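Q: Sequence:
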Amino acid sequence: MTYDQLVAFLAVAGEGSFSAASARLHKSQPAVSKLVRNLESELGVELFDRREYRATLTDKGRLFHERAAAVIESTEALRSFGMFLSGKVEPIVRLAVEAVTPLGPIMDIFRGVQARYPLVRIELGTERLAGAADALRERRADLAVATRLGIDASEVSEVELARFCDVRVFPVARFDHPVATCGTPIPPALLRAHAQIVLRDSAGGSASPSLNVLQGGLRWTVTDVAAKKEVILAGMGWGGLPEHMAADALATGELVTLQVPEFEVDLMELFVMRRRDRPRGVVAQALWEALRRRGAQRRCAAIAVKGGRR
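Position 290 of the sequence shown, counted from 1, bears residue number 290 in the working numbering, the numbering being contiguous throughout.
Just so you know, the hints here were simulated from the structure itself, not pulled from any lab data.
It is possible that some hints are incorrect.
[Said to hold, decoys possible] Pair ranges (Cβ atoms, derived):
id, residue 1, residue 2, range
1, Tyr53, Asp248, 19 to 25 Å
2, Tyr3, Val45, 42 to 48 Å
3, Arg293, Val71, 25 to 31 Å
4, Ile92, Ala226, 54 to 60 Å
[What the hints assert, rightly or not] Using 25 Å as the maximum straight-line C-alpha spacing, the simulated SDA-like pairs for lysine to any residue come out as follows:
id, residue 1, residue 2
5, Lys60, Pro91
6, Lys27, Arg54
7, Lys27, Gln285
8, Lys229, Leu218
Keep in mind the model is a prediction, meaning the values are calculated, not measured.
The beta-carbon is built from N, C-alpha and C at its ideal position, and this holds for glycine as well.
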């Protein structure tokens with residue numbers, strides 16, 4: 001019985017078919033079938049019922065699956081520990097994300113990386129505006145998912161970028177807030193008379209960039225998007241929220257969108273980025289590849305949707 005046989009067996013059990021398992025393992029279907037057949041022959045046990053369309057586990061196959069999964073998990077953990085002892089795997093990987101980043105895809109990627117490198121500690125930091133560029137510059141982050149804000153022209157060649165996703169930002173207010181009930185267009189003086197809730201830049205420099213901030217108006221600052229949403233929902237002001245955070249409240253009518261001509265940016269382009277002049281650890285490289293691959297998949301899906309609407 002070999003490691004490759006067990007991996008092939010678990011892949012077929014998890015995917016439900018030999019073809020899907022071969023795609024997952026980047027092997028040909030005959031190669032995967034042979035690995036499983038050899039395992040069954042060595043054990044003298046039929047692990048899969050092949051009479052149906054899907055490859056389903058037999059009763060003995062289900063019992064064997066429990067032990068096989070535990071063996072592979074222990075083997076991977078031992079491999080990871082050995083690489084950790086040899087210095088090939090870094091003990092900590094730090095990722096800085098722009099505050100508006102949807103965290104669902106990030107968590108999916110973290111789960112995959114954690115399964116491969118269970119001993120590595122991952123630190124996730126939330127940054128705002130130019131803060132992610134600062135985190136990379138100051139070595140507080142190995143990777144970042146953020147906009148290009150804070151990356152000077154002189155630094156462009158030193159930073160490697162790959163498109164991750166686009167986030168739409170809407171100016172919103174609670175349904176009964178004065179700026180939401182005054183009709184359209186909203187008088188600019190009324191917008192400036194009521195507090196605009198804005199995110200404070202987390203960069204350390206004195207010249208902080210601003211994004212969709214009305215000049216000359218009343219302004220309250222917060223340090224995270226969740227707090228910003230709560231302040232707006234409480235009717236204490238108005239401001240921009242990313243689509244994925246505002247969607248539920250917009251659907252129920254708690255929040256309404258505003259027409260604000262001075263709102264210059266309604267789409268934030270997020271990139272996965274890293275410094276070219278830094279050494280790349282095994283886990284940081286795996287995380288980079290997973291983030292870049294996820295971004296490519298999202299772009300392909302978006303292109304497919306647009307193509308279907310023509």
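Q: For every hint, state whether the structure bears it out.
A: Hints and how they fare:
1. Tyr53 with Asp248: 19 to 25 Å: Between Tyr53 and Asp248, where Cβ atoms are some 39 Å apart, the hint is violated.
2. Tyr3 with Val45: 42 to 48 Å: violated, 18 Å
3. Arg293 with Val71: 25 to 31 Å: Since Arg293 and Val71 have Cβ atoms about 28 Å apart, the given range 25 to 31 Å holds.
4. Ile92 with Ala226: 54 to 60 Å: Violated: the Cβ-Cβ distance is about 25 Å, outside 54 to 60 Å.
5. Lys60 with Pro91: violated, 40 Å
6. Lys27 with Arg54: Roughly 19 Å separates the two Cα atoms, so the pair holds.
7. Lys27 with Gln285: Holds, because 23 Å separates the two Cα atoms, which is no more than 25 Å.
8. Lys229 with Leu218: holds, 17 Å
In summary, the numbered hints that this structure violates are 1, 2, 4, 5.
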